[in-house]
Amino acid sequence: GAVVSQHPSWVICKSGTSVKIECRSLDFQATTMFWYRQFPKQSLMLMATSNEGSKATYEQGVEKDKFLINHASLTLSTLTVTSAHPEDSSFYICSARTGSSGNTIYFGEGSWLTVV
Amino acid sequence: DAKTTQPTSMDCAEGRAANLPCNHSTISGNEYVYWYRQIHSQGPQYIIHGLKNNETNEMASLIITEDRKSSTLILPHATLRDTAVYYCIVRAPFGNEKLTFGTGTRLTIIP
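So the protein lines, in turn, are chains A and B.
Under the numbering used here, the residues of the first sequence are numbered 1 to 116, in order.
Under the numbering used here, the residues of the second sequence are numbered 117 to 227, in order.
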């Protein structure tokens, strides 16, 4: 299957600082990428949908000014958690849609964020 | 909201076939059935998808009922590494159509 890579795999940051997570589609061009968040023992919750070259569409209840999403190229989307607080600590997962095989969506490995 | 219903958990003996059911009685004509699994602390892994015909790949088989209201994912010879949460999701394969995750089935393979 197609490969989606995230970086970093885990990060610890101080409260009040910002942290950026990168999502790359390694062997295909992804016009659409999705960002999810998962708290322990819960399912994945969609945060936003990003299309290359345009503004992201955020799900209800997700603060767009806090979770900045940039999708500047067909192979890279970034999620920046601004002014992070301990309650933002979570597992963040990106995914990307291919243009073939029924527009299948593939996921990255996920990024663990801990805010201290 | 998730459009599928799955059992919360299942056990399967190692080496046996694992059959995971999914109900999707409100599926639309243009929606596919996708299966993903999530092993602890990893991103979801794509397994298989189908529209109305049965599908098979190197990982699993997908059996969709004729009325498309339910399906079964079959792992033919389960191994310990198949222990994971399995998600059944219906989605139209267009543009920004997203994957909405329910609670999935926690499959435990017993040695």
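Bear in mind the hints are in silico, worked out from the structure with no lab data behind them.
For every residue, glycine included, the Cβ atom is placed at its ideal position computed from N, Cα and C.
Watch out, some of these pointers could steer you wrong.
Each pair of labels, with its calculated beta carbon distance range [to be verified]:
hint	chain 1	residue 1	chain 2	residue 2	range
1	B	Asn173	A	Ile12	36 to 44 Å
2	A	Leu74	B	Gly131	42 to 50 Å
3	B	His193	A	Thr80	39 to 47 Å
4	A	Leu68	B	Thr172	37 to 45 Å
5	B	Thr195	A	Phe39	48 to 56 Å
6	A	Lys64	B	Thr142	29 to 37 Å
Derived DSSO-like pairs (lysine-lysine); straight-line CA-CA distance at most 27 Å [as the list claims (entries may be wrong)]:
hint	chain 1	residue 1	chain 2	residue 2
7	B	Lys119	A	Lys20
8	B	Lys214	A	Lys66
9	B	Lys168	A	Lys55
10	B	Lys168	A	Lys41
11	B	Lys119	A	Lys41
Here is what the structure says about each hint:
| no. | hint | in the structure |
| --- | --- | --- |
| 1 | B/Asn173 <-> A/Ile12: 36 to 44 Å | holds, 38 Å |
| 2 | A/Leu74 <-> B/Gly131: 42 to 50 Å | holds, 43 Å |
| 3 | B/His193 <-> A/Thr80: 39 to 47 Å | holds, 44 Å |
| 4 | A/Leu68 <-> B/Thr172: 37 to 45 Å | holds, 42 Å |
| 5 | B/Thr195 <-> A/Phe39: 48 to 56 Å | violated, 29 Å |
| 6 | A/Lys64 <-> B/Thr142: 29 to 37 Å | holds, 31 Å |
| 7 | B/Lys119 <-> A/Lys20 | violated, 33 Å |
| 8 | B/Lys214 <-> A/Lys66 | holds, 22 Å |
| 9 | B/Lys168 <-> A/Lys55 | violated, 35 Å |
| 10 | B/Lys168 <-> A/Lys41 | violated, 32 Å |
| 11 | B/Lys119 <-> A/Lys41 | holds, 20 Å |
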